[in-house]
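A.B. asks: Sequence:
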Amino acid sequence: MITDNDVHQCRLQTIRDVIRYAMTQFEINNIFCGHGCADTYEEAYFLVLRSLKLNFEDSDRFWDARVSNAELKMLLERIEKRAVEKIPTPYLLQEAWLIDHPFYCDERVIIPRSYIAELLKDELAPWVSNPENVTRVLDLCTGSGCLGIIAAEVFPNAKVDCVDISQDALDVAKINVERYGMQNRIELIKSDLFNELGDRQYDVIISNPPYVTQEAMDNLPGEYRHEPALALGAGDDGLDIVRRLMTDSKAHLTNRGVMVVEVGDGKDACEAAYPKVPFTWLATENEDAMVYLLRKDELP
Numbered sequence: 009m010i011t012d013n014d015v016h017q018c019r020l021q022t023i024r025d026v027i028r029y030a031m032t033q034f035e036i037n038n039i040f041c042g043h044g045c046a047d048t049y050e051e052a053y054f055l056v057l058r059s060l061k062l063n064f065e066d067s068d069r070f071w072d073a074r075v076s077n078a079e080l081k082m083l084l085e086r087i088e089k090r091a092v093e094k095i096p097t098p099y100l101l102q103e104a105w106l107i108d109h110p111f112y113c114d115e116r117v118i119i120p121r122s123y124i125a126e127l128l129k130d131e132l133a134p135w136v137s138n139p140e141n142v143t144r145v146l147d148l149c150t151g152s153g154c155l156g157i158i159a160a161e162v163f164p165n166a167k168v169d170c171v172d173i174s175q176d177a178l179d180v181a182k183i184n185v186e187r188y189g190m191q192n193r194i195e196l197i198k199s200d201l202f203n204e205l206g207d208r209q210y211d212v213i214i215s216n217p218p219y220v221t222q223e224a225m226d227n228l229p230g231e232y233r234h235e236p237a238l239a240l241g242a243g244d245d246g247l248d249i250v251r252r253l254m255t256d257s258k259a260h261l262t263n264r265g266v267m268v269v270e271v272g273d274g275k276d277a278c279e280a281a282y283p284k285v286p287f288t289w290l291a292t293e294n295e296d297a298m299v300y301l302l303r304k305d306e307l308p
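Those letters in the sequence shown? Residues 9 to 308, per our numbering, in order.
Hints may contain errors.
As the list claims (entries may be wrong) - 27 Å max Cα-Cα, derived DSS-like pairs, lysine-lysine:
(1) LYS275 with LYS129
(2) LYS167 with LYS198
(3) LYS198 with LYS284
(4) LYS61 with LYS81
(5) LYS258 with LYS275
(6) LYS304 with LYS284
(7) LYS182 with LYS198
(8) LYS198 with LYS94
(9) LYS129 with LYS167
(10) LYS81 with LYS129
(11) LYS129 with LYS304
(12) LYS284 with LYS129
(13) LYS94 with LYS61
(14) LYS304 with LYS167
(15) LYS167 with LYS182
(16) LYS61 with LYS129
(17) LYS89 with LYS167
(18) LYS81 with LYS94
(19) LYS61 with LYS89
(20) LYS304 with LYS258
(21) LYS94 with LYS129
(22) LYS129 with LYS89
(23) LYS167 with LYS61
Stated by the list, open to error - Have a look at the derived ranges for each label pair, beta carbon to beta carbon:
(24) ASP68 with GLN222: 41 to 49 Å
(25) ASP47 with PHE70: 18 to 26 Å
(26) GLU115 with ILE197: 18 to 26 Å
(27) ASP256 with ASP68: 50 to 58 Å
(28) ARG74 with ASP296: 28 to 36 Å
Hints in this document: simulated from the structure, not taken from any laboratory.
Fair warning: this is a prediction, and the values are worked out from it, not measured in the lab.
No residue lacks a Cβ here, since even glycine has one placed at the ideal position from N, Cα and C.
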């Protein structure tokens with residue numbers, strides 16, 4: 009607990025001072041950077057600037073600006089929660105960024121992060137030849153709704169169904185859908201994967217499902233233990249949800265449809281489980297083979 013006396017005794021004055029202090033606290037406490045920041049500098053920079061509602065591109069203008077006592081107390085409290093309690097920065101800010109898109113998030117939902125976002129930014133080319141011809145998109149395990157919202161921007165003529173088993177997640181997704189003014193384009197549906205979708209078919213199905221193995225769940229850094237376990241764990245080999253997608257998705261794809269699924273480091277497990285399936289493993293800027301694509305006729 010940060011007291012007013014702590015603030016008065018603190019010699020931190022500028023944004024530069026506070027970011028330096030935050031980095032030191034993060035290093036001392038061995039935080040794990042895995043929610044959009046590569047290192048303790050990025051984490052400190054993100055936490056401090058966005059706590060003060062400053063834009064990243066304006067940081068140089070305010071680097072040596074003094075913070076008020078009230079601001080300093082707020083910042084010190086958040087730095088302590090991040091360093092000691094291992095609460096991820098996006099939860100402290102109630103804000104996460106994905107390909108230049110800010111999204112609301114809190115501990116009801118997994119923090120937005122997905123390699124699929126980068127692939128959507130490129131319009132899933134060349135596997136989707138004309139984005140304007142896409143009329144129906146499904147985002148399974150939507151969480152905060154981030155991928156569904158990006159998909160609605162990328163495919164301007166598409167209706168998007170965002171599906172999750174968690175009502176808490178859908179409540180968060182509703183906030184984001186309304187912030188982006190997508191209420192007329194996006195339908196939020198509570199469903200255990202395809203169970204409540206009837207005979208709906210889609211040109212594009214995207215999914216960033218739970219894919220963490222049980223062994224990895226048992227050894228998660230403290231930061232990830234603040235996230236809903238339902239959104240992470242997927243059995244011994246991490247494929248509990250993937251198996252259901254492989255079995256059930258074919259009936260929900262149009263003849264020209266494609267399915268894009270993120271599996272993290274599950275490539276070997278996927279190929280071992282489905283040796284006859286011709287997976288197309290997609291590359292992103294920093295990682296290869298974290299996401300697979302299958303056409304309808306390639307599904308088992």
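A.B. asks: Hint by hint, say whether it matches the structure.
C.D. replies: Against the structure, the hints:
1. LYS275 with LYS129: Measuring from Cα to Cα gives roughly 23 Å; hence the hint holds.
2. LYS167 with LYS198: holds (17 Å)
3. LYS198 with LYS284: Distance ~33 Å between LYS198 and LYS284 Cα, so the pair is violated.
4. LYS61 with LYS81: The hint holds at about 15 Å.
5. LYS258 with LYS275: The hint holds at about 20 Å.
6. LYS304 with LYS284: Answer holds: LYS304 to LYS284 is near 15 Å, not above 27 Å.
7. LYS182 with LYS198: holds (12 Å)
8. LYS198 with LYS94: violated (30 Å)
9. LYS129 with LYS167: Holds: LYS129 and LYS167 sit about 18 Å apart, inside 27 Å.
10. LYS81 with LYS129: violated (39 Å)
11. LYS129 with LYS304: holds (22 Å)
12. LYS284 with LYS129: Distance of about 30 Å is beyond 27 Å: violated.
13. LYS94 with LYS61: holds (22 Å)
14. LYS304 with LYS167: Since the Cα atoms of LYS304 and LYS167 sit roughly 20 Å apart, the hinted pair holds (cutoff 27 Å).
15. LYS167 with LYS182: Answer holds: LYS167 to LYS182 is near 16 Å, not above 27 Å.
16. LYS61 with LYS129: holds (26 Å)
17. LYS89 with LYS167: violated (40 Å)
18. LYS81 with LYS94: holds (19 Å)
19. LYS61 with LYS89: It holds: about 19 Å lies between the C-alpha atoms, which stays within 27 Å.
20. LYS304 with LYS258: holds (6 Å)
21. LYS94 with LYS129: violated (31 Å)
22. LYS129 with LYS89: With a Cα-Cα distance of about 34 Å, the restraint between LYS129 and LYS89 is violated, given a limit of 27 Å.
23. LYS167 with LYS61: Outside the cut-off at roughly 33 Å; violated.
24. ASP68 with GLN222: 41 to 49 Å: Because 46 Å falls inside the window, the suggested range holds.
25. ASP47 with PHE70: 18 to 26 Å: At roughly 22 Å between Cβ atoms, PHE70 and ASP47 fall inside 18 to 26 Å, so the hint holds.
26. GLU115 with ILE197: 18 to 26 Å: holds (23 Å)
27. ASP256 with ASP68: 50 to 58 Å: holds (51 Å)
28. ARG74 with ASP296: 28 to 36 Å: violated (46 Å)
Consistency with the previously given hints fails for numbers 3, 8, 10, 12, 17, 21, 22, 23 and 28, ordered from lowest to highest.
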